[in-house]
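Use the sequences and the hints to build the structure in full.
Top to bottom, those sequences are chains G and X. The opening residue of the first sequence carries number 0 in numbering that gives the first Met the number 0; numbering runs sequentially from there. The opening residue of the second sequence carries number 0 in numbering that gives the first Met the number 0; numbering runs sequentially from there.
No wet-lab data here; the hints were simulated from the structure. Incorrect hints may have been included.
Claimed, not checked - Here are the computed lysine-lysine pairs in the DSBU-like style, where the Cα-Cα straight-line distance is at most 35 Å:
#	chain 1	residue 1	chain 2	residue 2
1	G	LYS109	G	LYS80
2	G	LYS51	G	LYS24
3	G	LYS235	G	LYS4
4	G	LYS80	G	LYS4
5	G	LYS63	X	LYS224
6	G	LYS63	G	LYS131
7	G	LYS63	G	LYS4
8	X	LYS224	G	LYS125
9	G	LYS4	X	LYS224
10	G	LYS80	G	LYS51
11	G	LYS51	X	LYS224
12	G	LYS63	G	LYS24
As the list claims (entries may be wrong) - Distance windows between CB atoms, simulated:
#	chain 1	residue 1	chain 2	residue 2	range
13	G	ARG239	X	ARG146	48 to 54 Å
14	X	SER55	G	SER22	43 to 49 Å
15	G	GLY11	X	TRP90	53 to 59 Å
16	X	PRO48	G	SER167	47 to 53 Å
17	G	ASP133	X	SER94	53 to 59 Å
18	X	ARG128	G	ALA58	27 to 33 Å
19	G	SER137	X	VAL49	39 to 45 Å
20	G	SER140	X	ALA34	57 to 63 Å
21	G	ALA58	X	ARG146	28 to 34 Å
22	G	GLY129	X	ASP127	24 to 30 Å
23	X	ASN163	G	THR25	35 to 41 Å
24	G	GLU56	X	ARG62	47 to 53 Å
Glycine residues also receive a C-beta, built at the ideal position from the N, C-alpha and C atoms.
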Amino acid sequence: MIELKRISKSFGRHRVLQDISLSVKTGEVVVILGPSGSGKTTLLRCVNYLEKPASGEIAIGDFKMDCSQAKRGDILRLRRKTAMVFQQYNLFRHKTALENVMEALLVVKKMPAAEARSRSVALLEKVGLGGKLDEYPSRLSGGQQQRVGIARALALEPEVILFDEPTSALDPELVGEVLEVIRDIAREGITMIVVTHEMGFARDVANRVVFMDGGVVVEEGTPDDVFQHPQEERTKQFLRRITPEANWVI
Amino acid sequence: MQLDPSFIWTAFWQIFRAIPTTLSITVVSVLLGFAIGTVTALVRLYRVPVLSQMASAYVTFIRGTPMLTHLLLIYFGLPMLIDGLAESFGWSFRSVSIPMIGFAYISFSITAGAYMSEVVRAGMQAVDRGQVEAAHSVGMTSFQALRRISFPQALAAALPNLANSVIGMLHGSTLAFAVSVVDINAQAQIVASTNWKFFEAYLAAALIFWGLTALIERAAALIEKRVGAYNRGGVA
Chain G
0 MIELKRISKS FGRHRVLQDI SLSVKTGEVV VILGPSGSGK TTLLRCVNYL
50 EKPASGEIAI GDFKMDCSQA KRGDILRLRR KTAMVFQQYN LFRHKTALEN
100 VMEALLVVKK MPAAEARSRS VALLEKVGLG GKLDEYPSRL SGGQQQRVGI
150 ARALALEPEV ILFDEPTSAL DPELVGEVLE VIRDIAREGI TMIVVTHEMG
200 FARDVANRVV FMDGGVVVEE GTPDDVFQHP QEERTKQFLR RITPEANWVI
Chain X
0 MQLDPSFIWT AFWQIFRAIP TTLSITVVSV LLGFAIGTVT ALVRLYRVPV
50 LSQMASAYVT FIRGTPMLTH LLLIYFGLPM LIDGLAESFG WSFRSVSIPM
100 IGFAYISFSI TAGAYMSEVV RAGMQAVDRG QVEAAHSVGM TSFQALRRIS
150 FPQALAAALP NLANSVIGML HGSTLAFAVS VVDINAQAQI VASTNWKFFE
200 AYLAAALIFW GLTALIERAA ALIEKRVGAY NRGGVA
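Now the structure itself:
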């Protein structure tokens, strides 16, 4: 169970997040939609403190922190309970696929090398990269790199995985393989918060869709509710722009 | 005056024995300089209060003044400082017991540190921010992210410039003659002064420097190839 309470964040004078609250149940897949600049990526980054919220509260399981007086130890604990999959993959470029996945197990969890290795191999096999263990990122396609990124996020067995537009940087023909992997791990009951523009994927995988605009949650509900029967005008406008064929248009 | 080719050969072997002096100055100044440079670069990159301003002042002053001047400032200034301190604290140590080459070690390390800090800084800036975020996202501390992720890649990116610094210090070490340290160049002068065949002697010294530089370049190329394997997608 993840609870964000009244999270606020400004860049200079611009208020990116205005008192946002969101709770995600264990095993739930929440997709955040919204136009660019709506604050969705910033919200996601706040959850593992790559952005520092100005105020608010983050709770994951029995761990709880007040963002206005966060200590170094709190931030590390929060980060160890969360993992992020980045738009630009952000793999460690001087490490092989296997080393990328093992890194946090060795350095953060202090796991013995043999155990870290066998777990990492299993994860890479799961994302379909059992044959690419010793390749450096520069030798992998975007889709393969992103799958390594997903394996790296899974390695620490976080309580939630945050996906920041995981397919936006990919060539269209590579999007499918990455979405397939995310779909698979969603089925395993791993809690996820996903920022994406892939509407079909959102409809398929999400238990809940959250529509954000202007730093606030405008509307949320099941994919059916939000896609078929959006209540708010801003949601309707947004969906009309990105899915012109949507059948709720009257 | 006629060129005496055979003396080039004679001088070559007599100068050879000064190689350890030149190399020791180079190695000490490069190693200490690298340590000083790394600390300086990190202090500036992480904007450590007070220290980062001091680091900037150090870099601009050293880079803004000649290496020979550093040597002379250390040579004349350090004994005053040491003897002054020794007197007021009642130590028995006096600056006369510092060997001449010690002044070269100290001052050239300070010189190298300033130049190398810029090399390390450029290398660190070449590592994209995203990888550091990724390291943080899996729970690494800033120090772990630095040690495991950014610094190794910064070094790889900085290697060509580091090799240049090493070559620069090798050639710069000739200035140590100013405090009567006998390096390759000074040895050439000594060899020539018995028979005035300066051109032959300096030519021999030049050949030795050229050879040493070639070795450094070769070593740097090998290290670059190994360390940079990930960039070309090769398997190490």
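Checked hints:
no. : hint                            : result
1   : G:LYS109 / G:LYS80              : holds (16 Å)
2   : G:LYS51 / G:LYS24               : holds (23 Å)
3   : G:LYS235 / G:LYS4               : holds (26 Å)
4   : G:LYS80 / G:LYS4                : holds (18 Å)
5   : G:LYS63 / X:LYS224              : violated (48 Å)
6   : G:LYS63 / G:LYS131              : violated (39 Å)
7   : G:LYS63 / G:LYS4                : holds (11 Å)
8   : X:LYS224 / G:LYS125             : holds (33 Å)
9   : G:LYS4 / X:LYS224               : violated (51 Å)
10  : G:LYS80 / G:LYS51               : holds (16 Å)
11  : G:LYS51 / X:LYS224              : violated (40 Å)
12  : G:LYS63 / G:LYS24               : holds (15 Å)
13  : G:ARG239 / X:ARG146: 48 to 54 Å : holds (50 Å)
14  : X:SER55 / G:SER22: 43 to 49 Å   : holds (48 Å)
15  : G:GLY11 / X:TRP90: 53 to 59 Å   : holds (56 Å)
16  : X:PRO48 / G:SER167: 47 to 53 Å  : violated (38 Å)
17  : G:ASP133 / X:SER94: 53 to 59 Å  : holds (57 Å)
18  : X:ARG128 / G:ALA58: 27 to 33 Å  : holds (28 Å)
19  : G:SER137 / X:VAL49: 39 to 45 Å  : holds (40 Å)
20  : G:SER140 / X:ALA34: 57 to 63 Å  : violated (41 Å)
21  : G:ALA58 / X:ARG146: 28 to 34 Å  : holds (32 Å)
22  : G:GLY129 / X:ASP127: 24 to 30 Å : holds (28 Å)
23  : X:ASN163 / G:THR25: 35 to 41 Å  : violated (56 Å)
24  : G:GLU56 / X:ARG62: 47 to 53 Å   : holds (49 Å)
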